[in-house]
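Based on the sequences and whatever the hints tell you, model everything.
As given, the protein sequences belong to chains G and X, one line each in that order. Residues in the first sequence are numbered consecutively from 1, following the numbering used here. Residues in the second sequence are numbered consecutively from 267, following the numbering used here.
If you are wondering where the hints come from, they were derived from the structure by calculation, not from laboratory data. Quick reminder that beta carbons are idealized off the backbone N, C-alpha and C, glycines included. Among the hints, erroneous ones may be present.
Here are some chain G residues the structure puts well away from chain X; computed CB gaps all over 10 Å [what the hints assert, rightly or not]:
(1) M1
(2) A34
(3) K58
(4) L135
(5) V139
(6) P151
(7) T157
(8) F206
(9) P213
(10) M238
Only pairs whose alpha carbons sit at most 30 Å apart, straight line, appear in this in silico DSBU-like list of lysine-lysine [to be verified]:
(11) G/K76 with X/K329
(12) G/K159 with G/K204
(13) G/K165 with G/K204
(14) X/K400 with G/K58
(15) G/K54 with X/K400
(16) G/K58 with X/K329
(17) G/K165 with G/K221
(18) G/K221 with G/K204
(19) G/K159 with G/K221
(20) G/K165 with X/K400
Here is what each chain is made of, one letter per residue.
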Amino acid sequence: MSCEEYNRLIHGYLDGELDLLSTLRLEAHLPECASCAQTYGSHRALRTVTSSDKLYFKPPNELTERIHAALHEANKAERRASFSLWEVLKPMRWRISWPLMSIAASTVLVAMIVWRLGSVAFRPSQEDLLTQEVLAGHVRSLMANHLTDVPSSDQHTVKPWFDGKVDFSPPVKDLSGDGFPLVGGRLDYLENRPVAALVYQRRKHFINLFIWPSGENSGQKTRMRQGYNLIHWTQSGMTYWAASDLNWTELQEFVRLVQDHDGRIP
Amino acid sequence: MSAKWVLLEQGKDGRLALPNTLTHFEAALLPHLAAAYNLARWLTRNDHDAEDVVQEAYLRAFKSFDSFHGGDGRGWILAIVRNTCYSWLQQSRNQELAQVFDEELHTVEGHSQSPEAMLFQSVDAQLLRDALEKLPVEFREILVLRELEGMSYREIADLASIPVGTVMSRLARGRERLQRQLGYPANKEA
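In structure tokens, the structure reads:
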């Protein structure tokens, strides 16, 4: 190996990136070659000064704030919802975090925690937000001409359609014998996860039945929002939400039918 | 934990974007702001430009945050900072990329005496900064990532999308140039 080749190895050696064999060869060569030893010495010296903290440019304190604000703006611009937690919390975030922000980027983490804890106090109840979500899902399905992904009144078509689209198998029953024909199924997104939406019909009214697995157990709850009726319950490890503009009595009847069917072994 | 009460919204491309994405983003990447700024400052060689580039890079990063799968946050943001710097360098018609470096012309004066003593004891930080700033950007960035960030050859190669062999050769050449800059003839054959 020539000295020029050894000179190349010196860098890997200094950086701790050289393989064992080359390391041994270089270590054997250096005591024997004054020229390479000198090159090694000077690179080692240079290495000491170039890795000095003095060369590290520290960001100005206000850069964190500036980027934080810019990200916030960008995030806001991307969001379309009229209600935003961020907006609600904005005054609070400024008051609490700004003095801390000047310390360092790490402080931002603290601010995030403060902000997050703060949000607990401000947030509407989980149930209310979920109700809104379910309702929005129902309304959107009717508005956007996207009621079903799989239009079929056959439960044996609808149920397998969900395979691979959601990580659970929703119970699907055609209730046309009881006056609630199955219209189809759709994939929706609620509570931060894909959920199964089954669509049933009663005369001209559509019913969205949202289903997803849930560890929680709660009794049946009813809600009325914007003229829609919503009924929520859990059963056999699944969360159910039924949403419709159907009258109260008939929606209750529908829910009872679903509950009864689900209780039976198909 | 926040999943329960999060409101869902559709992103520009129809994807669902969660409001707390920003929180995750900041928690994962703001700790690397110092590294981002240091790299940008070394590449742009200007305080104000470095700040603008870092801000731009963080915005770009935020927009493509879903392509970040955890792991090496520093490498990820630095790669974006680097790309942003290069765009900036091109936009500002900086001739640096095409610069043919003339060591003779740029050699720092007054330090050709007893270079060994200078190197082995202490080099004035400002002098060293000047010398490093005068290196062509492709050597400078590798040196900054290696010496100041302590990144491995592999990490640098991934970040700059170049082979490890190129990292090694640029590092070697960069250091040799830097030594000549400082007035020390490290490699007499070169």
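Beyond 10 Å from every chain X Cβ: check whether that's true for G/V139. holds (14 Å)
Would you check whether the claim that G/A34 is not at the interface survives, using Cβ distances to chain X and the 10 Å cut-off? holds (12 Å)
Would you mind confirming whether the straight-line C-alpha gap from G/K76 to X/K329 stays at or under 30 Å? Satisfied, since the Cα-Cα distance of roughly 12 Å is no more than 30 Å.
Minimum Cβ-Cβ distance from G/P213 to chain X exceeds 10 Å: Fine: 14 Å to the nearest Cβ keeps G/P213 off the interface.
Given the hinted pair G/K165 and G/K221, is their Cα-Cα distance within 30 Å? Roughly 28 Å separates the two Cα atoms, so the pair holds.
G/T157: least C-beta distance to chain X exceeds 10 Å? Consistent with the label, G/T157 stays out of reach of chain X, its closest Cβ about 27 Å off (over 10 Å).
Given as non-interface: G/L135, which should sit over 10 Å from chain X by C-beta: Since the minimum Cβ distance to chain X is about 12 Å, G/L135 lies beyond 10 Å and the statement holds.
Straight-line alpha-carbon gap X/K400 to G/K58, limit 30 Å: Distance ~20 Å between X/K400 and G/K58 Cα, so the pair holds.
Verify the proposed pairing of G/K54 with X/K400, using a straight-line Cα cut of 30 Å. holds (17 Å)
So is G/M238 really clear of chain X, every C-beta pair being over 10 Å apart? holds (17 Å)
Looking at G/F206 again, its CB stays over 10 Å from all of chain X? The claim holds: G/F206 sits with its nearest Cβ about 21 Å from chain X, beyond 10 Å.
G/M1 remote from chain X - nearest C-beta pair above 10 Å: holds (15 Å)
Hints 3 and 20 from the earlier list are contradicted by this structure; the remaining hints agree with it.
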